[in-house]
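Undergrad: Put chains E and V on the given structure of chain Z with help from the hints.
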Amino acid sequence: MKLRKVTAASAAVFALALTATACGGDDSGDGGSSSSGGGEKIKIGIKYDQPGLGLKTPDGSFSGFDVDVATYVAKELGYEPNQIEWVETKSADRENALSRGDVKLIAATYSITDERKQKVDFAGPYLLAHQDLLVKADSDITEATDLNDKKLCSVTGSTSAQNVKNDFAPKAQLSNRGGYSECLSALQSGQVDALTTDDSILAGYAAQDQYKGKFKLAGLKLSNENYGIGVKKGDTETVNKVNAALEKMVSDGSWEKAVEDNFGPANYKNEPAPKIGQLVK
Amino acid sequence: MTSVLYDAPGPKAKRRNLLLSVLFFALLALALWWVWSVMDDKGQLEWSLWKPFTTSEAWTTYLLPGLADTLKAASLAMVIALPLGAVLGIARMSDHRWVRVPAGAVVEFFRAIPVLLLMLFANEFFARSTDVTSEDRPLYAVVTGLVLYNASVLAEVVRAGILSLPKGQSEAAQAIGLRKSQTMGSILLPQAVTVMLPAIVSQLVVIVKDTALGGVMLGFTELLNSRATLAANYANVIPSFIVVAIVFIVLNFLLTSFASWLEGRLRRSKRSTGAVLGADDIDDLNAAKAGGPHGTGAGGTV
Amino acid sequence: MFDFLSKYDDPSLLGAFWVTVQLTVFSAVGSLIWGTLLAAMRVSPVPLMRGFGTAYVNLVRNIPLTVIIVFTSLGLADIFGVTMGARDNFDLMYFRLAVLGLVAYTAAFVCEAIRSGINTVPVGQAEAARALGLSFSQVLRLVVLPQAFRSVIGPLANVLIALTKNTTVAATIGVAEAAFLMKGMIENEAQTLLIGAVFAFGFVVLTLPTGLILNWLSKRLAVKR
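Protein chains in written order, with our numbering: chain Z, 1 to 281; chain E, 1001 to 1302; chain V, 2001 to 2225.
Okay, chain Z solo, but in the shape it has when bound:
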């Protein structure tokens, strides 16, 4: 009898563990690859951890410029905001997620490059950003060449820091972190001297409450990053629809408002709305 009780108790623990997971289970598998809209959901890939661009906020919703653009575009494609299913797409996964049809669109600080264009198609660009440096507010780093013998934070899977080292400051030291927020806390404690990536991303972080006034952008334009919306290779119809939506967004002033809403607090001087199909090299 005793043994049976013990067995029952352990079975209960396993059952508990399983039910605990049940409430966390998501309703995946409802065909994100089905291409036709009309009452169905649309899956859009964004970042979850980039304030100002794509951020999962405490109330479980999403905010940021990428999110606003994607919401507008989805609306033009016939999807209301409640029909959008947001999916986190890490940088390394983006091409794969599109080509397999896991998501319909990706708006996740996705720079249009020749290499990527071989694997996916892009609509846009919808924003022109530049690679820049984020330094402490009292830092004397003003040029990329100042980084020689300094420590530069680099994010795993991103080539921005390596490019700076190769092109401007061969003696800079790179320190690898898992994400930008980890770089920020290293920058705050003085463990690294600078952080480099697109100015739009940097501005979003610097504008967070905890970091307000502690950092500044160096204001360099080390590269041109044309953010586009990724679409599955060969899906020209969607590209054209998205391009039309983006054009409308600029012309009806929603683009300007989204920029103001998301980058305004960050004190970020954005470039004017780019012309669809025109890349700034």
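The calculated DSSO-like cross-link candidates involving lysine-lysine, where the alpha carbons are at most 27 Å apart (straight line), are: (1) Z:K165 to V:K2007; (2) Z:K214 to E:K1051; (3) Z:K281 to Z:K248; (4) E:K1042 to Z:K216; (5) Z:K150 to E:K1042; (6) Z:K212 to E:K1042; (7) Z:K241 to Z:K281; (8) Z:K221 to Z:K257; (9) Z:K221 to Z:K117; (10) Z:K136 to Z:K216; (11) Z:K119 to V:K2007; (12) Z:K214 to Z:K171; (13) Z:K212 to Z:K136; (14) Z:K41 to Z:K75; (15) Z:K212 to E:K1051; (16) Z:K41 to Z:K233; (17) Z:K241 to Z:K75; (18) E:K1042 to Z:K214; (19) Z:K275 to Z:K257; (20) Z:K150 to Z:K216; (21) Z:K136 to E:K1051; (22) Z:K136 to E:K1042; (23) V:K2219 to E:K1167; (24) Z:K151 to E:K1042; (25) V:K2007 to Z:K171; (26) Z:K241 to Z:K275; (27) Z:K151 to Z:K165.
Label-pair ranges, simulated between beta-carbon atoms: (28) E:A1026 to Z:D209: 35 to 43 Å; (29) Z:K75 to E:V1038: 47 to 55 Å; (30) Z:N148 to V:V2205: 41 to 49 Å.
I should point out that these hints are in silico values taken from the structure, not numbers from a laboratory. The beta carbon of each residue, even a glycine, is placed where N, CA and C say it ideally should be.
TA: Frame of chain Z; chains E and V shown alone:
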């Protein structure tokens, strides 16, 4: 508490122990004070960084979904690995060489390889050769890696559990004319299951801990990974680490306590054979290839 | 078939496994020392030390190693400014931080192995030693630990093998050891299966002899009773 290592302290020893206590306390206090002052210095003690954890949103949006994924991966891995492990463990005890040797090779091979390598490999394999969505892929990869590794550990648990039963059990079964499969199925396995229960629960702790690897290396959205999303919002790296560590400690402490409660209960139980596989044995089985049982926990009491 | 291997020279395959070996050796030495100290605390007559030893072991064993290793980088280095004497050399700094994390984690298991080894020493041995008038540290140093160490070689070998496998977690903070290299290779090369086999073979080569040698040693040195 008395110990065989030292006598009950006399006046001199009492003074010395007190002195040592005070010294040790001073050292600990100094270390804690250093930690506290550095954290204060770097502004890590500011209430605004800790406040999010008192709101329900930080938990319902970030941490609890992460914890749910951790538990989902861990329980899936356990549920799939158990039958696999049982089959491998029994196959390893087969009388037929052509069954025993391959099963042994599989078990020893997967126990010798770090579970992280198995996860990385599974992740790439799923990306290239299957049509698992990129959303689900990290979960699949983590569970696959955990299953491959833990099935071989559990195979050893099953084998040790069956070997721990008195020989008279299988002899008696043979004497009344049961076939080998009947002996295993109706005599040995049912008893071995109870013997193995504490070890299996202890192995769950190992599995829960290993899920965190998937969070950092594969982007699986478990507890440690959801910490990063949380910290991107509240900019609280250290506080979020401490909270996540506490959640892991509480979860695993519950599992460990449950395992040792089971172990104690089974040892005391009159109907069992008294043989139990406990937490100590699991630590040994998680390492590969050191061979034989090592009678830990036996002998004199200290 | 193996030409992809020569493409990687920072680190190379052998270089990466060499880092794995170094991580293992340094962490093994460190955790043996710290683990023995912890075990001594856990059986000591001073209640505060006993309490600390017990608390340490129970806390650390229940935290994933991944959390500890990542914390050495994001917590210790970034916030507490612990740079392990290598402020200007990140590679060295993260290597040392990884060793620190591995030592902190593995020591808990070493402590438990040694403590269970102390338990295997017959009570009569310690009682006889005390009857001779030896103090606690003498009982431990001259009578109990020498016997305990011989009987814990088996369990310690298991800890060492687990440690060898655990060094792969150092890849999470960018230490260029075997798992780090494998991640890079497997993402960029087509021969997934071959790469997996090469690295699996490497770890089998590392763990198999350790297990066999130490197993032989533990049988040879076992206290015959």
